[in-house]
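Please construct the entire structure, taking both the sequences and the accompanying hints into account.
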Amino acid sequence: MASASISKGTAQSRKHWDRKWIPYVLLAPALITIFVIIISPLLTTIYYSFHNIDLIRDRTTFILFDNYIELFTSRLFWKAVEINLKFAAIVVTVPTLMGLFFALLLVEDFKGRGIGRTLLILPWALPWIVIGLLWNWLVNAQFGAINGLLYSLGLIDKYIPFMANEHWALIFTALASAWRQTSFSAILLLAALQTIPEDLYDAAKVDGAGMRARFRFITFAWLRPTLTIVLLYNIVLGFLQFDAVWIMTQGGPGDATMLISVLLYRYSFINFDLGMGAAVSNVLGLITMGVGLIFVRLIYRSQSTYA
Amino acid sequence: MVVNRGVFHAGIMRKVCTYLAFFCLLFWVGFPVYYMLMTSFMDPPELGAKPPNWIPRQPTIENYREVIIGETGQRGSYGSTTEFSRMMPALLNSTFVSVAVVVSNLIIGGMAAYGFSRFDFRLSRVAYLGVLMTRVLPALALIVPLFIILRKIGLINTLWALIFTYTIFILPLTIWILREYFDTLARDIEEMALIDGATRWQAFRMVVLPLAVPGMIAVGVMSFMEAWSEFFFALTLTNSLTYPPLLMSFRNLAQVNWNALAAATVVGVIPPVIVAFVFQRYLVRGLSEGAVKG
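Those sequence lines, one after another, are chains A and B. Heads up: the first sequence begins at 0 in numbering that gives the first Met the number 0, then just goes up one per residue. Heads up: the second sequence begins at 0 in numbering that gives the first Met the number 0, then just goes up one per residue.
Read the hints as simulated data drawn from the structure, not as lab findings. No incorrect hints appear here.
Here are the simulated lysine to any residue pairs, SDA-like style, with alpha carbons at most 20 angstroms apart:
#  : chain 1 : residue 1 : chain 2 : residue 2
1  : A       : Lys110    : A       : Phe100
2  : B       : Lys151    : B       : Thr237
3  : B       : Lys151    : A       : Leu54
4  : A       : Lys85     : A       : Gly251
5  : A       : Lys78     : A       : Gly251
6  : A       : Lys157    : B       : Ala48
7  : A       : Lys157    : B       : Leu46
8  : B       : Lys49     : A       : Ile159
9  : A       : Lys85     : A       : Arg74
10 : A       : Lys110    : B       : Leu25
11 : A       : Lys110    : B       : Val15
Here it is, written out as structure tokens:
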């Protein structure tokens with residue numbers, strides 16, 4: 000009896016000792032480095048956005064909202080917003096719909112499903128820089144595959160310089176982004192589809208639910224939370240995409256593919272106007288964060304209805 | 000239309016639709032990749048053929064020789080340059096960076112995830128939320144201050160700048176996924192081990208760690224992919240030490256041998272593609288776990 004109570008006592012005191020410092024040691028490396036590399040640059044960016052930074056004379060002047068006022072009254076910014084909205088529309092709809100299509104296909108039982116599932120991962124495994132190059136290849140005016148295909152099929156008799164055309168340039172940069180994002184969306188949706196219990200369908204059949212009803216009330220209802228997340232990711236990509244577009248067009252021709260992120264790059268690294276660049280990045284950050292928060296709320300709401 | 004399993008009865012129409020859809024998938028993914036692969040086995044004169052040769056008439060591995068051993072031979076007239084000799088060192092650098100990111104990310108992220116999971120105090124909740132917010136920030140927006148910080152520490156244009164940055168940007172996701180593992184797995188068993196007199200460390204090593212292995216593989220694979228692919232930081236923080244920015248510099252050469260560029264692209268995506276295929280299961284798991292809670 001006595002020995003048992005003693006050992007219990009030491010275990011408890013050790014636990015108490017644990018609680019005091021272990022959590023701080025465990026969290027410190029992550030929190031400190033995240034502060035140095037993410038939070039402090041973030042605060043600096045907010046600070047910059049209220050200042051005019053003259054790199055040549057090395058002078059920083061506080062100007063309150065002037066950067067933001069200049070931004071919101073400039074035609075360039077609203078043009079970028081408009082272009083970005085069109086771009087995002089493609090990057091949201093194409094991957095979501097195609098992703099759903101491929102996920103529904105790959106949950107079917109057929110020969111080739113294994114190949115299909117493996118192949119589906121491939122675009123996602125490619126870096127954005129490669130996606131950009133790959134699509135440059137497809138749309139190239141001298142040896143592009145799309146031109147080659149249309150020509151072989153006899154649909155055109157002269158190669159089309161797609162990237163010299165404003166509309167095509169925007170469509171193809173968006174499609175390049177959509178190409179990789181489709182795989183990502185399909186992977187997530189397929190994973191969710193595979194968790195649907197088969198007996199849900201059997202029960203529905205017994206209850207006399209038709210095909211359409213079963214799709215709507217079982218498949219779609221089950222996928223809803225995942226679809227919400229897929230949409231969120233696609234919207235965020237629609238606003239944060241830079242790499243693939245920069246590689247393909249650098250914002251051109253003219254300003255045809257000047258997304259907000261490209262505008263941000265131009266201000267910061269071409270004009271070296273760090274104050275304006277910071278203002279653009281904060282606006283962009285607020286957009287994506289706003290989207291994120293809306294979706295987090297939607298997800299919580301849907302969870303509470305379905306759980 | 001192909002609809003989810005159990006919805007249709009088996010029928011010939013359904014089969015036809017399935018294979019039509021499968022063909023769409025093959026074309027959507029396969030066509031762009033095939034075209035690049037095929038280009039990499041062609042000599043430049045063949046590339047301009049009209050209509051294009053969908054299968055190279057005279058397949059050649061010269062492009063790969065040029066990229067891998069930096070030998071241009073008689074091909075100077077094709078716009079080949081010695082630039083391509085930077086390819087192999089860049090691939091080695093990329094490998095080093097990616098592996099280092101995986102290791103440091105698992106250690107730092109694993110520690111923090113375990114801390115968040117087992118010690119629920121007020122600071123941890125605030126910090127945890129902060130960690131999650133970082134996931135929707137545009138990385139592009141942070142580059143200028145980040146550059147200044149890294150220059151002060153003296154890491155600019157070193158591989159360490161990339162290792163440091165990538166590790167930290169992937170940390171939130173790692174913590175997110177691993178915390179869930181630590182939360183759901185082994186809590187009771189660990190408590191029992193603690194009551195039996197095991198130290199925290201022993202309980203962690205013998206009970207928690209083995210059970211968290213699938214989650215750690217998933218996280219490790221994802222951080223490898225991120226580190227291998229990241230372009231923008233690599234472009235701004237270093238002078239094309241790793242594969243992605245180097246590829247961009249090939250692209251910007253005044254006179255570029257497109258076929259060698261294709262070969263360089265193919266060689267550089269072999270590691271992530273192999274990793275993705277080998278760890279397919281873990282990857283899907285990691286992706287959906289990271290996303291479903293995002």
